[in-house]
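Trainee: One-letter residues, chain by chain:
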Amino acid sequence: MLYRETGQFKSSYTADQAIFPIAQDRWGLLATLAIAVFVVPLVIDDYLVNAVLLPFLIFSLAALGLNILTGYCGQLSLGTGAFMAVGAYATYKLVTAFPDLNLIIVVLLSGAVTAAVGVLFGLPSLRIKGFYLAVATLAAQFFLIWLFYKVPWFNNYNMTGQITMPTEYLFGIQVTGPGAAPTARYLFCLGIVVVFALVAKNIVRGRVGREWMAIRDMDIAAEIIGIKPLQAKLSAFAVSSFYVGMAGSLYFGVWLGAAEPGEAFGIDRSFLVLFMIIIGGLGSIVGNFFGAAFLILLPLLLKNLMVDGLAMEVVTAKHIEIVAMGTLIIFFLIVEPHGLARLWQITKEKLRLWPFPH
Amino acid sequence: MDLLFLTEVVLSGLMTGVMYSLVALGFVLIFKASGIFNFAQGVLALFAALALYDFLAPEGWFNQLFGFTLPVPLAIIATAGVMVVVAWLIERLVLRHLVNQEGIILFMATIGLAYVLEGTGDLLFGSDVKPLDIGLPRGASDQLLDQYGLYIEKLEIVAAVTAALLVTVLAIFFQKTRIGRALRAVADDHQAALSVGISLRTIWVIVWAVAGIVALVAGIMWGSKSGVQFSLSLIALKALPVLILGGFTSVPGAIVGGLIIGVGEKLAEIYIGPFVGGAIENWFAYMLALAFLLFRPQGLFGEKIIERV
Numbered sequence: 001m002l003y004r005e006t007g008q009f010k011s012s013y014t015a016d017q018a019i020f021p022i023a024q025d026r027w028g029l030l031a032t033l034a035i036a037v038f039v040v041p042l043v044i045d046d047y048l049v050n051a052v053l054l055p056f057l058i059f060s061l062a063a064l065g066l067n068i069l070t071g072y073c074g075q076l077s078l079g080t081g082a083f084m085a086v087g088a089y090a091t092y093k094l095v096t097a098f099p100d101l102n103l104i105i106v107v108l109l110s111g112a113v114t115a116a117v118g119v120l121f122g123l124p125s126l127r128i129k130g131f132y133l134a135v136a137t138l139a140a141q142f143f144l145i146w147l148f149y150k151v152p153w154f155n156n157y158n159m160t161g162q163i164t165m166p167t168e169y170l171f172g173i174q175v176t177g178p179g180a181a182p183t184a185r186y187l188f189c190l191g192i193v194v195v196f197a198l199v200a201k202n203i204v205r206g207r208v209g210r211e212w213m214a215i216r217d218m219d220i221a222a223e224i225i226g227i228k229p230l231q232a233k234l235s236a237f238a239v240s241s242f243y244v245g246m247a248g249s250l251y252f253g254v255w256l257g258a259a260e261p262g263e264a265f266g267i268d269r270s271f272l273v274l275f276m277i278i279i280g281g282l283g284s285i286v287g288n289f290f291g292a293a294f295l296i297l298l299p300l301l302l303k304n305l306m307v308d309g310l311a312m313e314v315v316t317a318k319h320i321e322i323v324a325m326g327t328l329i330i331f332f333l334i335v336e337p338h339g340l341a342r343l344w345q346i347t348k349e350k351l352r353l354w355p356f357p358h
Numbered sequence: 001m002d003l004l005f006l007t008e009v010v011l012s013g014l015m016t017g018v019m020y021s022l023v024a025l026g027f028v029l030i031f032k033a034s035g036i037f038n039f040a041q042g043v044l045a046l047f048a049a050l051a052l053y054d055f056l057a058p059e060g061w062f063n064q065l066f067g068f069t070l071p072v073p074l075a076i077i078a079t080a081g082v083m084v085v086v087a088w089l090i091e092r093l094v095l096r097h098l099v100n101q102e103g104i105i106l107f108m109a110t111i112g113l114a115y116v117l118e119g120t121g122d123l124l125f126g127s128d129v130k131p132l133d134i135g136l137p138r139g140a141s142d143q144l145l146d147q148y149g150l151y152i153e154k155l156e157i158v159a160a161v162t163a164a165l166l167v168t169v170l171a172i173f174f175q176k177t178r179i180g181r182a183l184r185a186v187a188d189d190h191q192a193a194l195s196v197g198i199s200l201r202t203i204w205v206i207v208w209a210v211a212g213i214v215a216l217v218a219g220i221m222w223g224s225k226s227g228v229q230f231s232l233s234l235i236a237l238k239a240l241p242v243l244i245l246g247g248f249t250s251v252p253g254a255i256v257g258g259l260i261i262g263v264g265e266k267l268a269e270i271y272i273g274p275f276v277g278g279a280i281e282n283w284f285a286y287m288l289a290l291a292f293l294l295f296r297p298q299g300l301f302g303e304k305i306i307e308r309v
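So the sequences go chain by chain: A and B.
Quick note on my numbering: the first sequence kicks off at 1 and runs consecutively.
Quick note on my numbering: the second sequence kicks off at 1 and runs consecutively.
The hints are simulated quantities; they were obtained by calculation from the structure and are not laboratory data.
These figures come from a predicted structure and were not determined experimentally.
Some hints here could point you the wrong way.
[Claimed, not checked] Computed cross-link-like contacts, BS3-like style, restricted to lysine-lysine with a CA-CA straight-line distance of at most 25 Å:
(1) A:Lys129 / A:Lys228
(2) B:Lys304 / A:Lys228
(3) A:Lys93 / A:Lys150
(4) A:Lys129 / B:Lys304
(5) B:Lys225 / B:Lys154
(6) A:Lys129 / A:Lys150
Hey, can you work out the whole structure from these sequences and the hints?
Mentor: Take a look at the structure:
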C-alpha cells in the first residue's frame with residue numbers, strides 16, 4: 001500500500017526518464033541521505049568511523065568500480081587490490097609534491113591516474129576472455145605491488161617502504177592525518193561516494209552503459225550491431241579503474257593514513273571486493289552498498305560475538321570466522337545467486353501488494 | 001656464461017615446473033569435467049598434507065583417539081580416503097545446489113570452499129609449520145654431483161618421476177576405462193551425457209576425488225620440500241599461469257606449461273632479476289603466460305574457442 005506507483009502520472013518525457021521515476025524511491029533515498037548527513041554525525045565516534053563507516057563507504061566505492069567492469073561489461077578482474085594501490089600511491093605522490101592542491105582534486109586526479117593504468121592492463125581483454133582474462137589480471141595485481149615495493153621513487157625514498165598521509169585541509173577543516181575529526185572524515189568520504197554513485201547510476205543507463213551490457217551479454221552480437229568492442233571494453237576498464245582508484249585514494253588517505261603495498265593492497269582485497277559485488281548483486285548499483293555492508297559488518301559481528309560474547313581465544317575465533325565466512329558465501333550463492341540486490345527487488349514487488357495480496 | 005651452470009638452472013627449473021604441474025593437473029581435471037574453475041585446489045593440497053601429517057605424527061588426533069600411528073603406506077591410503085569423503089561432501093553440500101549456474105558463481109563458491117577448508121584445517125590441526133617426512137630422499141643427488149658436477153635435489157627427481165607416473169595412470173584411466181569414457185563424455189557436453197544415462201553427480205564426485213588425490217600427491221611433494229604450512233595453499237597462485245599457458249582443458253598442457261613456467265622463471269630470476277631489483281618470480285610467470293595468451297588466447301593446448309552468435 002505504501003510502495004505503489006499507481007496515480008503517479010508523468011506529463012513530460014523528462015519526468016518519465018527521471019533517474020528515480022517512483023516517488024517513494026525518491027523520498028526513500030532522500031531520507032536515507034538525510035539520516036546519513038544529519039543524524040549519523042550526532043552519534044559518531046572514532047570506533048564507529050574506523051571500524052564501520054569508512055570501510056563501508058570506501059569498499060562500496062571500490063565495489064561500484066568493479067561492478068561496472070564485471071557486472072555491467074562482463075570482464076572478470078582480480079586486480080582490484082593493485083588498482084587501489086595505484087590510487088593510493090598517486091594520492092601520496094600528489095599530496096607530497098603539491099601540498100596546496102585541493103583534496104577533492106587530489107582524489108579525482110588519483111582516479112584519473114588509475115584509469116590510465118587500468119586501460120593499459122585492460123588491453124589484453126580485447127583478445128583474452130573469461131577466466132583466461134581473470135588470471136591475466138592477476139599479472140597486474142602481482143606486478144604493480146612488486147613495482148611499489150621495488151621502486152623507491154613511489155614512497156619518496158622512505159627507508160621503511162611505508163607511505164604516510166600528511167595532514168590535509170579541505171575548506172579549512174582537517175580531513176586527513178592524525179587528529180582529524182571523525183565527522184569530517186566521514187562526511188568527506190560520504191560526499192564523494194554519493195556523488196559518484198549517482199554518476200554511475202546515470203552512466204549505466206545511458207548509451208555507454210548499454211554498450212557495456214551488450215558486450216557482456218554477447219560480444220560478437222554486439223560487434224555486429226555496430227558497437228566497437230575496443231571502445232566499450234576500454235571505457236569500462238577506464239571508468240571502473242577510476243572508481244577503484246578513488247576508493248584506493250580514500251582508503252589510504254582518509255581511512256588508514258599509512259599503508260604498505262603487500263599488506264594493504266594484497267590479493268585478499270581483490271577477492272573481498274569481488275565477494276562484495278557477487279553477494280550484493282552483479283549488474284546493480286544499490287547492490288554494491290548491500291554487499292559492502294554485509295562483508296564489513298559480518299566479520300565484525302562474528303568477532304564481537306565470539307571474542308567478547310563467548311570469551312574465545314582470538315586465534316580460534318579468527319579461524320572460526322574464516323570458516324563461517326566461507327560457509328555463508330557458499331550459502332548465499334546457493335540461495336540467491338543474483339545477490340542481495342535481487343532480494344531487495346523481490347521485497348519491493350511484494351511491497352506493492354502488501355498488505356492486500358490477492 | 002657457464003654452460004654447466006645454465007644446464008643446472010634449466011634442469012632445476014624443469015623440476016620446479018613439475019611441482020607446479022602437479023597442482024595445475026588437479027585444476028585441469030575439474031575444469032574439464034565440470035567447467036568449474038576450482039580455486040580451492042591449492043587448499044585441497046594443504047588439507048591433504050595436513051591430514052597425512054595427522055595420521056603419521058604422534059601428537060595427531062589419530063594417535064590420541066586410537067593410541068597408535070599409521071605406517072606411511074597405510075597413512076597415504078587413509079588420506080586418500082579422507083579426500084574421497086571431502087569430495088563427496090563438496091558435491092553433496094555445494095555443487096549439487098549450484099548446477100547450471102554461471103561460471104563466475106561456481107568460481108566464487110570454490111573460493112568460499114577454500115576458506116572453509118583452510119579454516120577447518122587450521123582448527124583441526126593447528127596452524128604451525130609441520131615437517132612432513134615420509135621417507136622421500138633428500139639433499140643433492142650424489143651421482144649427478146660427482147659425475148657431472150650438477151646440483152639437483154633428489155626430491156625433485158622423485159617428484160618428476162611421480163608426476164610422469166601420475167600422468168600415465170590418468171591418461172590410461174581417461175582413455176581406457178568405462179568411468180574415464182563417461183568423464184570425457186561429461187566434459188564434452190553435460191546434457192548429452194545426461195541423456196545417455198551418465199549420472200552427473202557420480203561423475204563429479206569421482207572427478208573431485210581424483211583431483212583430491214592429485215592434490216594429495218602435490219601436498220606430499222611440497223610438504224616434504226618446505227614443510228606443511230599455510231603458504232602451501234598459495235601454490236594455487238603459482239599454478240594459475242601454468243594453467244592459462246597450457247590451456248584449461250589439457251592435461252599435457254598442464255605439464256608442458258609447468259615446465260615452461262619453471263624454466264622461464266629460473267632463467268628470468270638469474271638473467272633479468274639483477275637488473276630490476278630481484279624478487280620477480282611473483283609476477284614473471286604471469287607476464288610470460290600473458291605474452292603467450294596474446295598469440296594463442298586459449299593457451300598452448302586448450303581447445304579452440306569457437307564462438308557463435
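Trainee: Look at each hint and say if it fits the structure.
Mentor: Hints and how they fare:
1. A:Lys129 / A:Lys228: holds, 16 Å
2. B:Lys304 / A:Lys228: holds, 24 Å
3. A:Lys93 / A:Lys150: Holds: A:Lys93 and A:Lys150 sit about 16 Å apart, inside 25 Å.
4. A:Lys129 / B:Lys304: Roughly 13 Å between the alpha carbons, so the hint for A:Lys129 and B:Lys304 holds.
5. B:Lys225 / B:Lys154: holds, 11 Å
6. A:Lys129 / A:Lys150: violated, 31 Å
The structure does not agree with numbered hint 6 stated previously, though it agrees with all others.
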